[in-house]
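Chains as they are written, first to last, in the numbering used here: chain A, 1 to 250; chain B, 1 to 426.
Source of the hints: derived by calculation from the structure; they are not laboratory data. Yeah, the Cβ is synthetic: ideal placement off N, Cα and C, and Gly gets one too. Certain hints may be false.
As the list claims (entries may be wrong) - Derived DSS-like pairs (lysine-lysine); straight-line CA-CA distance at most 25 Å: (1) A:LYS180 / B:LYS339; (2) A:LYS224 / B:LYS35; (3) A:LYS243 / B:LYS35; (4) B:LYS35 / A:LYS168; (5) B:LYS238 / B:LYS217; (6) A:LYS195 / B:LYS342; (7) B:LYS137 / A:LYS180; (8) B:LYS339 / B:LYS308; (9) B:LYS127 / B:LYS254; (10) B:LYS254 / B:LYS238; (11) A:LYS224 / B:LYS127.
Claimed, not checked - Counterexamples of contact, computed for chain B against chain A with all Cβ distances above 10 Å: (12) ALA28; (13) PRO29; (14) ALA52; (15) ASP90; (16) GLU151; (17) MET156; (18) GLY158; (19) VAL232; (20) GLY350.
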Amino acid sequence: MGVSFSISAVIHLAVFLLLLWWGQLFPTTATVQETYYVDVVNLPVANPRAGSPTQKGNDAEAPPPPQTHESPLSMPSPPQPSTKARTAPTGKAQKAEKTEKADTSSDAAFAEKMAKLESKAESQQQEAALERLRKKVKTTGSGRTGMPAGSGSEAGSDYTAYVQSRLKDAFYQTISYTSKNPEVVVHLYIDADGKVTRQKIEKSSGDRTFELSVLRAVEKAGDKLVPPPNHKVFEGTFVFKPKGISRNKL
Amino acid sequence: MKLLLTLMLLFVLPTALHAQPGYVEVTAPGNRQLKLAVEIPHAQNAASSASAAKEMASVIAFDMNMSGLANAEIREPLPLAGGLMFGATDFAPWLAAGFDMLVRGEYSISGDNLTVEFRLYDALNNKMMIAKRYLGKNRDLRRFAHSFCDEVLLQMTGERGPFTTHIAFISTQSGNKEVAVMDWDGHNLLPLTRNGSINLNPDFSPDGREIVFTSYKRGNPDLYKRALSSTVEIPLSKRKGLNITGAWSPDGTKIALALSKDGNAEIYTIARDGSNPVRLTVNPAIEVSPVWSPDGKRIAFVSDRLGKPQIFVMDANGGNVRRLTTAGGYNVNPRWSPKGDKIAYARMHGGAFHIYVINADGSGDTQLTTTGSNENPAWSPDGRFIAFSSKRGGPDGIYVMRADGSGQIRVSQGKGNGSQPAWSVR
Chain A
1 MGVSFSISAV IHLAVFLLLL WWGQLFPTTA TVQETYYVDV VNLPVANPRA GSPTQKGNDA
61 EAPPPPQTHE SPLSMPSPPQ PSTKARTAPT GKAQKAEKTE KADTSSDAAF AEKMAKLESK
121 AESQQQEAAL ERLRKKVKTT GSGRTGMPAG SGSEAGSDYT AYVQSRLKDA FYQTISYTSK
181 NPEVVVHLYI DADGKVTRQK IEKSSGDRTF ELSVLRAVEK AGDKLVPPPN HKVFEGTFVF
241 KPKGISRNKL
Chain B
1 MKLLLTLMLL FVLPTALHAQ PGYVEVTAPG NRQLKLAVEI PHAQNAASSA SAAKEMASVI
61 AFDMNMSGLA NAEIREPLPL AGGLMFGATD FAPWLAAGFD MLVRGEYSIS GDNLTVEFRL
121 YDALNNKMMI AKRYLGKNRD LRRFAHSFCD EVLLQMTGER GPFTTHIAFI STQSGNKEVA
181 VMDWDGHNLL PLTRNGSINL NPDFSPDGRE IVFTSYKRGN PDLYKRALSS TVEIPLSKRK
241 GLNITGAWSP DGTKIALALS KDGNAEIYTI ARDGSNPVRL TVNPAIEVSP VWSPDGKRIA
301 FVSDRLGKPQ IFVMDANGGN VRRLTTAGGY NVNPRWSPKG DKIAYARMHG GAFHIYVINA
361 DGSGDTQLTT TGSNENPAWS PDGRFIAFSS KRGGPDGIYV MRADGSGQIR VSQGKGNGSQ
421 PAWSVR
């Protein structure tokens, strides 16, 4: 009896501790932080399609800064005088109106000055942010097209994606196979002039007809390739397969 | 925390291992059938004949269309200044007509001598893929074209085509059932036996030089052997009763056959000279039509031990007998595919026979023919085609189809019936 009770107590305690630990890991009162996304793709790249090696440069001008809207921190606009006060001025009232006018004009000037200052600070911040992005883009330079690291110029474009696109176009014209799930892995060497100097079949599912269609596609695509970035030799491995056919293992 | 990490490793790591980092996928939809232009070969001298050129082009187009790999069309020749050797081929008109590949050729005839050169071009890539030159006699014209198609298939599939092979069959052109041989496409018919009797079940030796067949020429169905280059028919087994359905073993040392010397028909093996009979089946039922697996380790045969004829498989020593076909009430004529994975056979239903294929393990039973009555399937040596005898409204004839049942076409020509085809080796 005593043993059962102690085992039960230990299990309950363990479950309680587990729940406690789970609650610490995933607090139910966690505040949901709103996420703001900055469109870094379009900021530095004038043309979102820039990135193709045939596209010229990302030296395009940065987009115009966004329009400045009224800041929530700006001063409230001064209240408009009532029409009644205008139509029935008295002496006292006129005096009071004068002082009020002086007050309101100084308030408006202050508010205007504050708004200008805030606008200037905001535009300076935006400019600084843009400058930082430009610097980042120039220094990193060779990411995938459309990503912050992509320069959009020939030198910095994703050459692999370009070759893949050319191979795809050629493969559409040559694809032919006789087996159920053909697949061929080809390693390509492209020299500084954009010429395919070597193509090596690394793996094949054994469908010779499919292999032939892949090699024909490589040959066709290699006919008019743009030289790799900075005229360096390019190496890449491409896996060819018919669309819609998946294969778990090669 | 450790638990969490372990769980992450368990779930994330296999996915990461399965991925192929660095592999860029290139895909395209569909499966195109290549379009092949077969240009009528260019004549090199005045003695050349236009009909010979057209015949060569038609042979190539037929072979390539039957292969199922290309859609071949015969085209009139375009100008070829300088000949194949020195002339440059302009692929623009061929590409404009939608062709992927092009066969060009040139030939010259001098008396009885024929010289032919064929070339296969990849029009898309402006590249020559194969070039073959053949020297021979005028009668070799079709063989040269078939031989070039064998090379084209080798280039396209990695396996040489069967287009230079032959089909032996039983022909009644002479009025009797005689063994004859023809090209795979039905041309160049050559009668082998002329004994005026009934001859049945021909089968090629593994080297393709000899044929075994059953003949009633001495009254009893005895097994004979003859070389293709000879007229001498050597009796191999003339035992009492049936000596039928002889089949060479893949190594050529034995022949499996059905003998009824002890009463009912049983499966035996004999040596290539007819000696040393070894009984493989012991059963009161009728057992006939043995065929060897390509590795020589198993034999498929027909037995009615369960009441109706069915296909069975046993080890080459007669042990481990198991039933292969379980569907259909009348299954006969088994033939093992050259790759060993399938067995073709004929099944009777609705009063007619149809060709089926079944995997060697008994799965994947598939009907290939649906019209007429079709029997005696025989695989081409590369397993790409199946020849069979068929009755479709007219006299029985030899037909050929692709192994998936497509492209059925009659190849035997002339009068008389054709039946029981056997395909030669390469």
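Each hint, compared with the structure:
1. A:LYS180 / B:LYS339: Holds - the C-alpha atoms of B:LYS339 and A:LYS180 are around 17 Å apart, at most 25 Å.
2. A:LYS224 / B:LYS35: holds, 24 Å
3. A:LYS243 / B:LYS35: Between A:LYS243 and B:LYS35 the Cα gap is close to 21 Å, so the pair holds against 25 Å.
4. B:LYS35 / A:LYS168: Between B:LYS35 and A:LYS168 the Cα gap is close to 20 Å, so the pair holds against 25 Å.
5. B:LYS238 / B:LYS217: Holds - the C-alpha atoms of B:LYS217 and B:LYS238 are around 11 Å apart, at most 25 Å.
6. A:LYS195 / B:LYS342: Distance ~46 Å between A:LYS195 and B:LYS342 Cα, so the pair is violated.
7. B:LYS137 / A:LYS180: violated, 43 Å
8. B:LYS339 / B:LYS308: violated, 29 Å
9. B:LYS127 / B:LYS254: violated, 48 Å
10. B:LYS254 / B:LYS238: With Cα atoms ~16 Å apart, B:LYS254 and B:LYS238 stay inside 25 Å; holds.
11. A:LYS224 / B:LYS127: Roughly 16 Å separates the two Cα atoms, so the pair holds.
12. ALA28: violated, 4 Å
13. PRO29: Violated, because the least Cβ-Cβ distance between B:PRO29 and chain A comes to about 4 Å, which does not exceed 10 Å.
14. ALA52: For B:ALA52, whose nearest Cβ neighbour in chain A is about 31 Å away, the distance exceeds 10 Å, so it holds.
15. ASP90: holds, 17 Å
16. GLU151: holds, 14 Å
17. MET156: About 6 Å separates B:MET156 from the closest Cβ of chain A, which leaves it inside 10 Å; violated.
18. GLY158: violated, 3 Å
19. VAL232: At roughly 43 Å from the nearest Cβ of chain A, B:VAL232 sits farther out than 10 Å, so the non-interface label holds.
20. GLY350: holds, 32 Å
Violated hints for the displayed structure, listed by number in ascending order: 6, 7, 8, 9, 12, 13, 17 and 18.
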